[in-house]
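Generate coordinates for the entire structure from the input sequences, incorporating the hints supplied.
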Amino acid sequence: MTPEDCAGGVPPAVRLTGISKRFGAVQANRDVALEVAAGTIHGIIGENGAGKSTLVSILYGFYEADEGRIEIAGREVAIRSSADAIGHGIGMVHQHFMLVPTFTVLENVMLGAEGGALLAKGRAATRAELIRLSATYGLEVDPDAKVGDLAVGLQQRVEILKALRRGAKILILDEPTGVLTPDETDRLFGILRGLRREGVTVLLITHKLREIMAVTDRVSVMRRGEMVAHRETAATTREDLAELMVGRKVLLEVSRVETVPGAVALRAEGLTWRDARGVARLKDVSLEVRAGEILGLAGVSGNGQSELLDVLSGIAGVQEGRIVIGPRAIDRAHPAEPAEMRAMGVAHVPEDRHRRGLVLPFEAQENAVLGYHHGPATGTGRLLDLRALGAHCAELMRRFDVRPANPRLRSSGFSGGNQQKLVLAREIEQAPRILLVGQPTRGVDIGAIEFIHTRLLEMKKAGAAILLVSVELDEIMALSDRIAVMNAGRIEGTLDRAEATPHRLSLLMAGVREGEAA
Amino acid sequence: MTPLPRWVELGLLPLANIALAFLVAGAVVALIGESPAEAMAVMLKGAFVYDGALGYTLYYTTNFLFTGLAVSVAFHAMLFNIGGEGQAAMGGLGAALVCLALDAVLPGLILIPLAIMGAAAFGAAWAVVPGWLQARRGSHIVITTIMFNFIAAGVLVSLLSGPLMRAGQSSPQTRDFAEGARLPFLHDIARGLGFPATQTPLNLSFVIALVAAFGVWVLIWRTRWGYALRAVGHSEGAARYAGIAVPRMVIVAMAVSGALAGCMALNEIIGAQGRLVLNFTSGYGFTGIAVALMGRNHPVGIFFAALLFGALYQGGAELDFEFQTITREMVVLIQGLIILFSGALALMFVPALSRVLRAGAGSGAA
Amino acid sequence: MTEVWIDLLRILDGSLRLGTPLILCAMAGLVSERAGVIDIGLEGKMLAAAFAAAAVASLTGSPWAGMAAALGVAAALALLHGFACITHRGEQIISGVAINILAAGGTVVAGIALFRQGGQTPPLMAGERFRPIRLPGAETLGDVPAIGPLYAELISGHTLPVYLAVLSVPLIAWLLGRTTFGLRLRATGEMPLAVDSAGLSVAFIRYRAVLIAGLLCGLAGVFLSTAHGAGFVREMSAGKGFIALAAMIFGKWRPWPVFGACLLFGFLETGAARLQGVTLPLIGPAPVELILLLPYIATVVLLAGFFGRAVPPRALGVPYRKER
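Chains A, B and C are the protein sequences, given in the same order. Oh and the first sequence: position 258 is 344 in my numbering, straight run, nothing missing. Oh and the second sequence: position 57 is 79 in my numbering, straight run, nothing missing. Oh and the third sequence: position 41 is 52 in my numbering, straight run, nothing missing.
The set of hints was computed from the structure by calculation and includes no laboratory data. Bear in mind the structure is a predicted one, so any value in this text is a computation, not a measurement. You can take every hint at face value.
List of simulated lysine-lysine pairs, DSSO-like, C-alpha gap at most 30 Å:
id: 1; chain 1: C; residue 1: Lys263; chain 2: A; residue 2: Lys207
id: 2; chain 1: A; residue 1: Lys232; chain 2: C; residue 2: Lys263
id: 3; chain 1: A; residue 1: Lys294; chain 2: A; residue 2: Lys369
id: 4; chain 1: A; residue 1: Lys232; chain 2: A; residue 2: Lys369
id: 5; chain 1: A; residue 1: Lys207; chain 2: A; residue 2: Lys232
Right, here's the structure in full:
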């Protein structure tokens, strides 16, 4: 309790000092300090893996800090569980929603704040409160709708309503815009400003500079588990923040290799694809990738990019439309399994290396042949040749600088960057004619990012046709020759790198086509 | 959590869990008013020392080997096959049908391989249906295999009290197979080679089971199919990415699992009994779960676990003679405790152990 | 006409009686699984409780003491299941198998140690059992046409556990649908993260669900050995716990449909018993064994989605891990 806290009158809504948290070998937070003034929108920005989520999870009682102090409104508190956090007036909107999909909005909002042993009374009271909150903050949503049936943006509102219903005075939002369209994002920001007007303190976690500039009052920057700077938003610039985030001058223009694109290596024509529930995830998608070029596929995540990669790599069957690779046309009547795709020279670095690209409990040498286990790397006999397997993996590890270079180590024991390098090594070493790459640098440390980007450019120079899917606009802009933008399962437009500005791209990402913008 | 060293994970931890199971069983014996040490001694003597004891122990071991291997193969694909009972029962039916139909016309040398195939095929078929239902229709394999156990039992009752019942008898069993349709007893083989041997039900199935164990090891750890199977078990998403047809893998894994379980019938039906009887599976299918768990789904581990259970069964029978108040059902209790401690509570000691190890490492470094 | 009516009533009466352990166990499974904990140990808990009830009733002469012991034993096994699956995040199916085998072995071991009758308890005297309860007016109303026999045959004259079983259905339906605890329990089975982030303890909710399941199985055991039967015999649960599991799935994890499934399965059992040795026109001897298999076959077919879909709670069988 330091008296000078109160010198300015109102104590800060949140004050963290000396917060440290370690997960095994990873120091997620190191001696972090943060002060959030009451009634402001405070941003925390940092790259993936900078420790932002860990920090707010500690504040919300999901994790317990190894060390450090938490003060809420000037009083030191102990937060050991979410219940403690809620008791101190903290609410949180998680990156992945914490909603019961089979429940109604009303039931979800009630959960944990039912007001008595029986539901009837609390139901009425919550309904009244929902009406009041929606009037005050513009948070309209049908209380009796089943949450699983709602659009993502509306589900997020339910999360906010849940927090407010519990009397949250401090609202944490963890990467709230990752799943939203720009339009929904704007509406969210409107709601946040409304909350600020009513005296709620908002803590916004993001890795997007645009959002920090658009809505926050102050911003704190995290890098590699540490808090590196605090700024008044009005008194800083995007370049300044970007530099703080990565810890050095960012080269916005990576030295791209100019090549003359060759023939079309991969063509998709009118792909439409529905998921098991019959929802169309891809709508009439057509695109071409030429040898020696990188086609960037931009878009907010969840707009069909994952499904497109699945269909192009053969994991999901073609339903409507067709894929043409050389002389081979793949359609519903002539499907191609992933094995055949690989045989045709299509390699695939999947978006999710934990659930797709690697079998985590497998040894590195087993993962080094995943998808190619019928190929020569496993030996020529009827049985697996473990020695060949180990030698193959050791070679990949040497060439791609995977550490530790131990082929017998379980894959879960490698860091994110080294796991990704292993996947990339496996796919690139096949010398594919077509390379499908999803989120190549997600959760990867900076050094590895540069390595991976360099390798992709080398592949392009060697004449491979590369389809690069990324939600990081900067990555797309830095590497691509042409950029296609996906929104709601469609390709909204394709721009040459030269004519692609962030502004034009984000219009397309929002589904506003050329010429429609006012 | 940092992973434990291998010697702890594969050695200390399983031993601690089994020790705990025996400790609790000992406490029960003491509670009943008998001496746990004495009971243990009786069981050990019964299992290994008495004339012919080892033969009986290995005879039981054979059953556990087959059912344990069956559970483990499915488990490598993350499938819980608790339908070993039903698959073994159907395996018995398959072997019996072959023998009943052909034992008058074919010599043993041809008939026995056919009967083995019959057992494996029927066991596999009885497992493939739940496998197919899980792979293609999304039915939970645990529930379906449980239901299939009951259905198999019902089918066997119907047949053995109906069309297959021995003529002129009212007990639910088939007629005896011809002598040539039976797997040779190992004591006969030993005597044939000039060694004296006590008569026990131990028969050639034991050797077949050992061969099966080696085969499973090769299949799971040294073939591309086994690689794909383990990939499916660890991560379905990665398996699909790798171009492995997951539904087909599920079905084939269940087929192999069911065939192994079905082969348990070799030991009982064309080995020891020489006819199809009711309830010959008597819980071996369920115990297979314990065997696989204890053996950590590795054939070597499964062999030792099967041997332990074989010894328990044979030694447990000895309890009936020596004590008034404890019987062979004590073994069922121990079996339950082993499943509890090395299965459901397998990780109970992990936090404490890693604390101890870390403290040890810390003080060692300091 | 009246004879057919009375015959029908007798069959329904039998269905209810044979359905009672199914109802209690299925409700137990329902509460546990709606909270996300698979319970294939219904059979074992019921068996252990049946033994405890008969053993203590025989030793003390009081069925009530037997009931208390049965509830205690079943609750203890339920908590063991919870300890393994909730606290230590063990495999729920393995834990259930362990409990079934423990009960199968433990009851006989304890039975022999206590009574030396090969694992049975001594037959229970009238005063050591729950007797049928004649509801008031059953005698006098019995002669009223149609309704009289309905009251006398079907509604009156059951033992206490039967009435408790029937009562358990609206009670569980109310608990799940109308109470705060029920809302939280259902949320735990669907999306435990939501429960945790609401500041509630997933473990505590699951423990309570598992405990309720244990108590219900305990009642089922009481019914078997001290109400329906007169003493414990080894393996007396005879797979009823698994039929209850089937009924729970057949009723799609909802109380009233599950109740209906239990009655249906009880009806099949009664019908099969009545058809024993009867020759049917066209078919010949009644296929009693096949009729008894119908619950299992029906469940397999239902699970396969050939008629309707049975969607289990989303988080069923998934241990909840809270990072620290």
